[in-house]
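Q: Join the two chains, each given in its own frame, into one complex according to the hints.
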Amino acid sequence: TQLLEQSPQFLSIQEGENLTVYCNSSSVFSSLQWYRQEPGEGPVLLVTVVTGGEVKKLKRLTFQFGDARKDSSLHITAAQPGDTGLYLCAGAPGNQFYFGTGTSLTVIP
Amino acid sequence: NAGVTQTPKFRVLKTGQSMTLLCAQDMNHEYMYWYRQDPGMGLRLIHYSVGEGTTAKGEVPDGYNVSRLKKQNFLLGLESAAPSQTSVYFCASRHEGRLNTGELFFGEGSRLTVL
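Protein sequences appear in the order of chains A and B.
Number 96 in the working numbering belongs to position 96 of the first sequence; there are no gaps in the numbering.
Number 31 in the working numbering belongs to position 31 of the second sequence; there are no gaps in the numbering.
Each hint should be verified, as a subset may be incorrect.
What the hints assert, rightly or not - Footprint (simulated), chain B over chain A, 3 or more residues, beta carbon under 8 Å: (1) 33-44; (2) 79-92; (3) 99-106.
What the hints assert, rightly or not - Some chain A residues flagged as far from chain B (calculated, every beta-carbon gap over 12 Å): (4) 9; (5) 16; (6) 17; (7) 20; (8) 49; (9) 55; (10) 70; (11) 71.
Stated by the list, open to error - Derived CB-CB ranges, DEER-like: (12) 53/B <-> 15/A: 27 to 37 Å; (13) 62/B <-> 15/A: 41 to 51 Å; (14) 93/A <-> 19/B: 25 to 35 Å; (15) 39/B <-> 57/A: 24 to 34 Å; (16) 15/B <-> 109/A: 38 to 48 Å; (17) 96/B <-> 56/A: 29 to 39 Å; (18) 79/B <-> 81/A: 22 to 32 Å.
In case anyone wonders, no lab produced these hints; they're calculated from the structure.
Keep in mind that this is a model prediction, so the values were computed, not measured.
C-beta: ideal position from N, C-alpha, C; glycine also.
The following block holds chain B by itself, in its conformation from the complex (with noise of 0.2 Å):
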């Protein structure tokens, strides 16, 4: 059962190239989530999509572009990576659930890291 899968899961860049994180999901979820995970800030989402060729800006959307052209793939851009962007990244898929109790089911993490 591989459930939500993040490539790849380590990455170092150094200012100002550009990477993509995939995240892949097998579980036909509607709903996709990026976010990002600093220390004494809990989750932060970035960007998020409630279906196939869409998306949503979240809390912290700035330096980041996303795309869902695929049900089961969910992938973030990073175009010009800054420093402040050296984070671990997770990505999370859910059905929609009503009154929003759909469980989040999350990858492992892809740990980033911009000199």
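Just chain A, with the same shape it has in the complex (with noise of 0.2 Å):
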């Protein structure tokens, strides 16, 4: 069992809808991150939330932390193909940094 579970582990989608990807642990974080990477990539920040209860907008992305510090999401207004890739949340309960099982997001032009 890993420390973060995320779902949906595949989404595929038609552009111009929305989406929403969930990261969920039993433990508390400090701060939680979302990474996307790319095929043949390695992954690549996108946001870094502290504090709980916390929204942050990147664009048509939008993070949420949870109140407890425990999960997270990710929600995707519009998307688009340039989206299509695996999404990770991370944190670090200690010096340990520990990634969640992934999300697949396809966006289908």
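A: In structure tokens, the structure reads:
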């Protein structure tokens, strides 16, 4: 069992649709991060959330940190083919840095 | 700007052979990590280091050893490779950051196949 569980694991949607990806844990985190990974490359940071209940917006992407700091969500509005990729949440209980199981998103033109 | 560099990028081994993956970063980061990525499993932490001369185990350390003799380098070794170690390996580094907010910077990955 991994420390951070993501759902759904796979998501295939039409261009223009909205979607939400979830990241859940039984542990409390001081902060959580979201990364995006494209094929053949390493993950790249999208956002860091620090405060329980915090909401951050990055253009069409909205990130939320749960009040209890155990979960987070990523909402994409009007998805575009360029949003296709693997989305990973990550957190560090202590010095270790764990990643979630990942959500593979495909946006069909 | 080199950032994080991994070598080699591809390698094919036979069962029982040994090899070392090298990770080098030029950002003066304290923390360095080795992950493996398998389909449907996200990234799993193998070993990590919080500074020169220190190493610690992650989620899946069995079958791997690491060393951090210099701050900029983090080596991952496989003493006796097994087919279960076929994977894509990623190295990452970061500053500590307040509340563990430091961004992870990744290398491009090393694809290892064990026959």
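Q: With reference to the structure, classify each hint as holding or not holding.
A: Okay, the hints, checked on the actual structure:
1. 33-44: holds (count 7)
2. 79-92: holds (count 4)
3. 99-106: holds (count 4)
4. 9: Incorrect as stated: the minimum Cβ-Cβ distance to chain B is 7 Å, not above 12 Å.
5. 16: 28 Å, holds
6. 17: About 23 Å separates residue 17/A from the closest Cβ of chain B, which puts it past 12 Å; holds.
7. 20: 18 Å, holds
8. 49: With a cut-off of 12 Å, residue 49/A comes too close to chain B, as the shortest Cβ separation is near 9 Å.
9. 55: Nearest chain B Cβ is 17 Å from residue 55/A, so the label holds.
10. 70: At roughly 15 Å from the nearest Cβ of chain B, residue 70/A sits farther out than 12 Å, so the non-interface label holds.
11. 71: 16 Å, holds
12. 53/B <-> 15/A: 27 to 37 Å: 51 Å, violated
13. 62/B <-> 15/A: 41 to 51 Å: 44 Å, holds
14. 93/A <-> 19/B: 25 to 35 Å: 31 Å, holds
15. 39/B <-> 57/A: 24 to 34 Å: 31 Å, holds
16. 15/B <-> 109/A: 38 to 48 Å: 44 Å, holds
17. 96/B <-> 56/A: 29 to 39 Å: 22 Å, violated
18. 79/B <-> 81/A: 22 to 32 Å: Once the Cβ atoms are compared, 44 Å apart, the range 22 to 32 Å for residue 81/A and residue 79/B is violated.
When held up to the earlier numbered hints, the structure conflicts with 4, 8, 12, 17 and 18 and fits the remainder.
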